[in-house]
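Chemist: The primary structure of each chain is shown beneath.
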Amino acid sequence: MNCRKCREWLERYLDNELSGAERAALEQHLAACPKCRRQAEELKALGTLLQSRAPVEPETGFLANFNDRFWHEVKRRRRMQSIAPERGFFAFGWNRVLATAAAALLLVAVGVVGYRSLHTMVGQSPVTVPEETVAREPEPRSAMGEAPSPRPVAKAPARLGAEAEPTASAEAKAREEPAEQSKSTSVTTVPPVPSAPVAGLVAPDKAAAASRGKALTEEKPLVLEDGESSTGYSAPSSPAPTPKKQEFKIAEGSGKGGAQPGKGAGGMGGSAKMAVDTSVYPEDQLSTKPKLISIPDASDDARHKYPDMEVSVWVLIEKDGSVSRAESRSTTDNAGLENVATGLARQARFSPGKKAGVAVRASKTIMVRIRSLKKKDD
Amino acid sequence: MNGTATDLELIQRVKAGEHEPFDELMTRYNRKIYHVIYTLTRNHADAQDLVQETFIRAYTNIRRFDEQYRFYTWLYRIAVNLSFTFLKRRKLAPVSIEPNDPEAGETELPDNRGVTFAEHSDQRRNVERALALLPAEQRLAITLRTYDGLSYAEIAEVMHTSIGTVMSRLSRARDKLRELLQGYLRGEA
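From first to last, the protein sequence lines stand for chains A and B. FYI, the numbering for the first sequence is 1 to 378, going by our numbering. FYI, the numbering for the second sequence is 1001 to 1189, going by our numbering.
Simulated from the structure, these hints should not be mistaken for lab results. Some hints could be false.
Stated by the list, open to error - Below are the DSS-like pairs computed for lysine-lysine, each with C-alpha atoms no more than 27 Å apart in a straight line:
hint, chain 1, residue 1, chain 2, residue 2
1, A, Lys305, A, Lys354
2, A, Lys75, B, Lys1176
3, A, Lys44, B, Lys1015
4, A, Lys75, B, Lys1015
5, A, Lys75, A, Lys35
6, A, Lys291, A, Lys354
7, A, Lys319, A, Lys291
8, B, Lys1176, B, Lys1032
9, A, Lys355, A, Lys319
10, B, Lys1176, A, Lys44
11, B, Lys1176, A, Lys5
12, A, Lys5, A, Lys75
13, A, Lys354, A, Lys319
14, A, Lys305, B, Lys1015
15, B, Lys1015, A, Lys35
Quantities reported herein were computed from a predicted structural model and do not represent experimental measurements.
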């Protein structure tokens, strides 16, 4: 065994993840190599340090009354028919089926009303159109969402082929592999964060979701205000051009019932907007996925401050391949780093995503990595 | 009475319609689940809500629990999924380290990424501060490994990823922590 192999195995050794033979070989090397032994001791000391962490103590009384509060909440939800583990009818998920059926009926009803309204519009003035048939203006959101995100001018030099798109099967792996290229910013695609709590679990019904108000997945598609994320966060921005409200749908998520081109939020009633496809498609719903063409280098200052750090960034790619929005999907606890990453992502250029050969707006999650200055010099 | 019953035995009784065994399961795991969720959210109020939601999801879906797996990894996975969904919604909100949180210490994180925390006196606080600087996925992986003692395979199951990805996250987390805590490590090594 050489030192390189030893370094590779060291963490697995300390985590008891090596086989007996591997363990013996590594111990033999450690006995003979003081340099590797020193590294092993340092790693071991780190493990000891971390294992000595005291458990995070919840606030006083939380655990003492936890079970009582749990059963109280279970009863409350059961009264709302949102939780019924022992009843086969609900355990099967019929509540979800019924909710879907109700939603379908509602859609049909809205469509009929809209259709009739269009007919009654002829010869009538002023026109009264049922509210549901008009493409909705985005609702005002939280105060944090007031500052619109500008659309930066993409000025990055094109680097065609510099960043090969990993295949779908290799995406998860590629996300974790250290990039070897010499660029200061590297990008890989990442799979979307699962939104469902656990595959196959019954989601709580809407009443329960509303009562909890937290930690539950959103209904999609969403109608958002330009410059505002679905969480109400507005990315830090430089002096903005005149903010222009724009309506679009996010068709990401389950892949079912994604936004349809040419259909506004109001179904048949949104005739004025039917000609413009403002839907946003996640890349897995596209026949041609958007591919990264270029992304600018991080500044030396950023490379000094955030060496080899990476951020998962969700980008909205316009039909011309420019990025109109970028939002961090990582929780690095470092707003500065995430601002740098999203700023770079906003200046990236992509080949447009296409659906049935037609360029559409697309969403994609990329991994932006800030390369250290040291590696540039190497 | 239930102290010696295995998780599986308790689950089978819950599936059969008893409620008490679930009390025992909650008592066994609520503290650990709290720790994992707090590791991700860094906020007590959020962690409390999510712990309760975790057990409600587990209880609601207990019939779907596949008994060939370990209950705690299933439970951890629910907790982790809920936490990431929550963090996704919270997204770029600044890190909220609570001022009265003894683990968190100072409310502001250092700008200088290369700071050696050994310059500070409180080791425990600085370990928590160093952990807070890691990306959530790395922080979770290192916590599940070093605090909860989960194997690579179990961590992969909880995080719904491959063992290779787990190893990569652990390696990166350790590299960063060694850099941040090098003063302590030199002292102990």
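Chemist: A separate judgement is required for each hint: does it hold in the structure or not?
Modeler: Cross-check of the supplied hints:
no.	hint	result
1	A/Lys305 x A/Lys354	37 Å, violated
2	A/Lys75 x B/Lys1176	46 Å, violated
3	A/Lys44 x B/Lys1015	43 Å, violated
4	A/Lys75 x B/Lys1015	18 Å, holds
5	A/Lys75 x A/Lys35	61 Å, violated
6	A/Lys291 x A/Lys354	11 Å, holds
7	A/Lys319 x A/Lys291	12 Å, holds
8	B/Lys1176 x B/Lys1032	25 Å, holds
9	A/Lys355 x A/Lys319	11 Å, holds
10	B/Lys1176 x A/Lys44	15 Å, holds
11	B/Lys1176 x A/Lys5	21 Å, holds
12	A/Lys5 x A/Lys75	57 Å, violated
13	A/Lys354 x A/Lys319	8 Å, holds
14	A/Lys305 x B/Lys1015	53 Å, violated
15	B/Lys1015 x A/Lys35	55 Å, violated
The structure is inconsistent with the numbered hints 1, 2, 3, 5, 12, 14 and 15, although it conforms to all the rest.
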